[in-house]
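Colleague: Protein sequence lines correspond, in order, to chains P and R. Just so we're aligned, residue 118 is where the first sequence starts under the numbering used here, counting upward by one. Just so we're aligned, residue 118 is where the second sequence starts under the numbering used here, counting upward by one.
No wet-lab data here; the hints were simulated from the structure. All values reported here derive from a predicted model rather than from experimental measurement. Any given hint could turn out to be false.
[As the list claims (entries may be wrong)] Short, incomplete list of chain R residues facing chain P, as computed with Cβ under 10 Å:
no., residue
1, Glu123
2, Pro166
3, Val175
4, Phe181
5, Ile186
6, Ala195
7, Pro203
8, Arg210
9, Trp212
10, Tyr215
11, Ala218
12, Leu220
13, Asp283
14, Gly285
The beta-carbon is built from N, C-alpha and C at its ideal position, and this holds for glycine as well.
2 protein chains.
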Amino acid sequence: MRPKLELVSHPLCPYVQRAAIALAEKGVPFTRTSVDLAARPDWFTRLSPLGKVPLLIVDDEVLFESAVICDYLDETIAPRLHPEDPLARARHRAWIEYGSAILNAIGNFYNAAERAPARLALREKFARLEPELGEGPWFAGASFCMVDAAFGPIFRYFDVFDQIADFGILTGLPRLQAWRAALATRPSVRAAVGPDYRRDLHAFLRDRGFQ
Amino acid sequence: MRPKLELVSHPLCPYVQRAAIALAEKGVPFTRTSVDLAARPDWFTRLSPLGKVPLLIVDDEVLFESAVICDYLDETIAPRLHPEDPLARARHRAWIEYGSAILNAIGNFYNAAERAPARLALREKFARLEPELGEGPWFAGASFCMVDAAFGPIFRYFDVFDQIADFGILTGLPRLQAWRAALATRPSVRAAVGPDYRRDLHAFLRDRGFQ
Chain P
118 MRPKLELVSH PLCPYVQRAA IALAEKGVPF TRTSVDLAAR PDWFTRLSPL GKVPLLIVDD
178 EVLFESAVIC DYLDETIAPR LHPEDPLARA RHRAWIEYGS AILNAIGNFY NAAERAPARL
238 ALREKFARLE PELGEGPWFA GASFCMVDAA FGPIFRYFDV FDQIADFGIL TGLPRLQAWR
298 AALATRPSVR AAVGPDYRRD LHAFLRDRGF Q
Chain R
118 MRPKLELVSH PLCPYVQRAA IALAEKGVPF TRTSVDLAAR PDWFTRLSPL GKVPLLIVDD
178 EVLFESAVIC DYLDETIAPR LHPEDPLARA RHRAWIEYGS AILNAIGNFY NAAERAPARL
238 ALREKFARLE PELGEGPWFA GASFCMVDAA FGPIFRYFDV FDQIADFGIL TGLPRLQAWR
298 AALATRPSVR AAVGPDYRRD LHAFLRDRGF Q
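Okay, chain P solo, but in the shape it has when bound:
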């Protein structure tokens, strides 16, 4: 029997979205519970060793860390989103970690007192990724994979950044731009956030002086 899956979430968290996208691609039912990270409830502090989302509750076992959750889902529920070949799979996992480094650079960008160097650092991270992409539409070609699940939430930030100003972070990186456009159409990526996502991210950024 399939275990009961509960994804413990925050509406803006890009790491939660990775797991939500993987779950949607696999077509398994799950419930989603949102946590206010500004006032963490006791049950959440008890369950989350690092105080972070996502958690995946599998019947009564708790998994933490998005990469761990995505690998667990991929190892137990078809279809596979990671490559079958161990070396190719390792390279995909490494680029997902690279996606986490890009998320840190995005955080540095919207929190920066001086925007120009943070913008440059973020752009350089993307530029390094451009030659890793092929003809698309997805990271590894014709099949949607776990790297795509990690980058859907990354590019989603730019939907809101673009409404604020033209920062030119993806200018001159045509493969990344095409990838971003493809990810924006994928039903699993679209469904990974709620209808208020853009409004809430705008408010979140405004609170940090980013507007």
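Chain P is already provided as a structure; the job is to place chain R on it using the hints.
Modeller: Just chain R, lined up with the frame of chain P:
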């Protein structure tokens, strides 16, 4: 034919040690190349997307990120260090990520302007782990596993911290203390650093005003 393995290293890096321990447990030959992270050579910058060690060069393919490298080794070379059961394996991977959070807390401790709160934060991270341990000697009982490979390098810091002062970070945490003692005897853990490790770590800490 087994691929040629080269581990790109730094003498003090705890993440490199995870991979070195996994390789030693599996008994496969590998070469080790040390990089001066204060003056990164061009070849290293070209190969390492995040500018970090370890890298594992597998014939002519480059893998980055220690968790990815350890999982790749575990999926391709016997004996397995992760559990066979996917849920148990996911929990092990999550506790390895928790080990990375402990390493960040160790860095905050030795870099802290105010040592007391950083000491408390580090101690709390360890205290959360204590009830996860059983009768030992290893994380999951009788078999040495990948979580052990991650925590050998963590406890090694305390060999040098203890020479500086009694910070009491592991006081009252008997299972962690027993685990630390067991890890210190494991040949793979001992062989993961060179003979100058303690001297070099002392110098590194002294440069940061930690003495």
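Colleague: Now, for every hint given, state plainly whether the structure supports it.
Modeller: Here is what the structure says about each hint:
The beta carbon of glutamate 123 (chain R) is not positioned within 10 Å of any beta carbon in chain P (closest approach about 14 Å), and the interface hint is therefore violated. The criterion of a C-beta within 10 Å of any C-beta in chain P is met by proline 166 (chain R), whose closest approach is roughly 6 Å, and the hint holds. Taking 10 Å as the C-beta contact cut-off toward chain P, the hint placing valine 175 (chain R) at the interface holds, the least distance being around 6 Å. Interface hint at phenylalanine 181 (chain R): satisfied, since its Cβ lies 5 Å from the closest Cβ of chain P, which is below the 10 Å cut-off.
This hint holds: isoleucine 186 (chain R) has a C-beta 7 Å from the nearest C-beta of chain P, less than the 10 Å allowed. Using the Cβ-Cβ criterion of 10 Å, the hint placing alanine 195 (chain R) at the interface with chain P is not satisfied: the shortest such distance is roughly 13 Å. The interface hint given for proline 203 (chain R) is met, as the beta carbon of that residue sits about 5 Å from the closest beta carbon of chain P, less than 10 Å. Among the interface hints, the one on arginine 210 (chain R) holds; its C-beta lies about 4 Å from the nearest C-beta in chain P, closer than the 10 Å criterion.
Hint on tryptophan 212 (chain R) holds. Least Cβ distance to chain P is approximately 8 Å, under the 10 Å limit. A distance limit of 10 Å between C-beta atoms decides the matter here; for tyrosine 215 (chain R) the minimum to chain P is near 6 Å, and the interface restraint holds. Given the 10 Å rule on beta carbons, the hint for alanine 218 (chain R) holds: about 6 Å separates it from the nearest Cβ of chain P. For leucine 220 (chain R), the shortest C-beta to C-beta distance to chain P is roughly 13 Å, which exceeds 10 Å, and the interface hint is violated.
Restraint check, aspartate 283 (chain R) versus chain P: the minimum CB separation of about 27 Å is more than 10 Å; hint violated. Checking glycine 285 (chain R) against chain P by beta carbon gives a least distance of about 22 Å; that is not within 10 Å, so the hint is violated.
Checked against the numbered hints above, the structure violates hints 1, 6, 12, 13, 14; every other hint is satisfied.
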